[in-house]
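Taken in order, these protein sequences are the chains called A and B.
Sequential numbering from 1 applies to the first sequence in this note's numbering.
Sequential numbering from 227 applies to the second sequence in this note's numbering.
Calculated directly from the structure, the hints in this document are not laboratory data.
Bear in mind the structure is a predicted one, so any value in this text is a computation, not a measurement.
All residues carry an ideal CB built from backbone N, CA and C; glycine is no exception.
It cannot be assumed that every hint is accurate.
Unchecked claim - No farther apart than 27 Å at their CA atoms in a straight line, the calculated lysine-lysine pairs in the DSSO-like style are these:
id	chain 1	residue 1	chain 2	residue 2
1	A	Lys194	B	Lys290
2	A	Lys71	A	Lys119
3	A	Lys199	B	Lys263
Unchecked claim - Simulated restraints on C-beta separations:
id	chain 1	residue 1	chain 2	residue 2	range
4	B	Lys286	A	Thr84	16 to 24 Å
5	B	Asp292	A	Val15	32 to 40 Å
6	B	Glu283	A	Glu222	44 to 52 Å
7	B	Glu283	A	Tyr160	45 to 53 Å
8	B	Glu237	A	Lys71	53 to 61 Å
9	B	Lys323	A	Leu226	22 to 30 Å
10	B	Phe256	A	His198	31 to 39 Å
11	B	Gly298	A	His93	22 to 30 Å
12	B	Lys286	A	Val15	25 to 33 Å
13	B	Glu320	A	Lys119	44 to 52 Å
14	A	Asn11	B	Gly298	26 to 34 Å
15	B	Ala302	A	Leu226	33 to 41 Å
16	A	Lys148	B	Glu329	19 to 27 Å
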Amino acid sequence: MREKPKLIGPNKGEVFEIEPDKNLLGRNLELSLENKEKFDMNNVVAIDVMGSIGSGKTTLLEETVKLLREKYSIFVLGGDITTTIDVDRIARHNVPTIQINTGRGCHLDANLIQNAISKIDLSKIDILFIENVGNLICPAGFPLGTSKRVVVVSVTEGPYMVKKHPFIFGETQVVVINKLDLAEVMEVDPHSLKEDVHKINPDAKVVFTSAKHGEGVQEFIEHLGL
Amino acid sequence: MLVENIIETAEENGAKQVMSVEVEIGEFTFLNLDQVKFCYSTLIGDTILEGSEIILETKKGVVKCDSCGYTGPILAIDDSELYGLGLLSFSCPECSKITRVIEGREFIIRRIQMKR
C-alpha cells in the first residue's frame, strides 16, 4: 500500500494566512435560486409581500385572497416574530396558511422558506403569498426566490418612508401606497410618495389602496399579473 | 455567522489561535461597521479568536444598465431633505432606465491570519 502523502503545512507556532474568500450572504442567494427552481417547476407564482409594521400587509392580503380564492389555489406563508395573529386572520378566509416564527429575527430568509415549502405540496398551489416580517430594512437584502416582490407603504407612516428606504424599493415590482382614505387627515400627499418610488425605481408599478375598504385591491391584483 | 465561519475555517486549517481577520463589506449590505466590530468583539471571548483583530474594508456598490450599458456607481439625486446625502436611485444616470446591482452586496471573509 502506498504511503499517504505527508501534508506540508506550517510548523507549530508559525503564523500563516489563508484567503477563504467566503461570501457569507452568498448562501442565501443560492438557497433563493433553489426555491425559485421549485416554484417554477410546480408553476407556482410566489410573491414576497414586504412593508413596515402596521402598513396593512395582512389586510391587503385578506382582501386579495377574498378576490382570488375562487379562481386560484392559494397558500399563504406568514413571517412574524412570535404570534399567529396574522395568518389566523388570513385563514379565516378558508385559505391554507403556515406561520414561520422568526423569534428575534427581523426578516425571513431563503432557508426558512425552503423549510416551510418542504412541508407543502407545491403541485397543488397556483399562488404562494409570503408575508414578510414588518420591516423595511433587512428583508431587502434577503431574496427568497419569489418571482415578484411587493412593498406596502401607508400614508400613516409619514411623507418620507420611501426616501428613507431606497434599497427595498429598488428591486420591487409593485409598490402599494395604502390607507389612502387617511391621506388628508395625515396631511401626506400620496402622489409625492409615488414620485419618490419612481425616482428610485422607474419600473415599479405603483397602486393606491384603502385595503380595509377593499379599494384598489383589484388594481393591485392586475399589477401582479394575476 | 461570521464568527462561526471563521472558527470553522481556522480549525480546518489546524489553527490554535487567530491573529487577525480581513472582511470585505459591500456598500449595499448597509451593515454598520461599528456594529460589526462590536458584535465581533463580544462573540470571540473563549474561542480561538479571542484577542484577534477584525479589519473591515468597504467596497463601493456598482450598478449596470442593460439598456445603455452604463456600469458604475449608483445615482444619488440631490434632495435637501436628506442633508446632502442624496436620494439613492436605481435609475441609470445616463438614460434613466432601471439598473441592476452587480457589486456591493459582498460580506466576504478575505483573509485569516492565524497561528498553529
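For each hint, the structure was consulted:
{"no.": "1", "hint": "A:Lys194 <-> B:Lys290", "result": "holds, 24 Å"}
{"no.": "2", "hint": "A:Lys71 <-> A:Lys119", "result": "holds, 23 Å"}
{"no.": "3", "hint": "A:Lys199 <-> B:Lys263", "result": "violated, 34 Å"}
{"no.": "4", "hint": "B:Lys286 <-> A:Thr84: 16 to 24 Å", "result": "violated, 43 Å"}
{"no.": "5", "hint": "B:Asp292 <-> A:Val15: 32 to 40 Å", "result": "violated, 46 Å"}
{"no.": "6", "hint": "B:Glu283 <-> A:Glu222: 44 to 52 Å", "result": "holds, 46 Å"}
{"no.": "7", "hint": "B:Glu283 <-> A:Tyr160: 45 to 53 Å", "result": "violated, 31 Å"}
{"no.": "8", "hint": "B:Glu237 <-> A:Lys71: 53 to 61 Å", "result": "holds, 55 Å"}
{"no.": "9", "hint": "B:Lys323 <-> A:Leu226: 22 to 30 Å", "result": "holds, 26 Å"}
{"no.": "10", "hint": "B:Phe256 <-> A:His198: 31 to 39 Å", "result": "violated, 22 Å"}
{"no.": "11", "hint": "B:Gly298 <-> A:His93: 22 to 30 Å", "result": "violated, 47 Å"}
{"no.": "12", "hint": "B:Lys286 <-> A:Val15: 25 to 33 Å", "result": "holds, 31 Å"}
{"no.": "13", "hint": "B:Glu320 <-> A:Lys119: 44 to 52 Å", "result": "holds, 47 Å"}
{"no.": "14", "hint": "A:Asn11 <-> B:Gly298: 26 to 34 Å", "result": "violated, 47 Å"}
{"no.": "15", "hint": "B:Ala302 <-> A:Leu226: 33 to 41 Å", "result": "holds, 35 Å"}
{"no.": "16", "hint": "A:Lys148 <-> B:Glu329: 19 to 27 Å", "result": "holds, 25 Å"}
Hint violations for this structure: numbers 3, 4, 5, 7, 10, 11, 14, all remaining hints satisfied.
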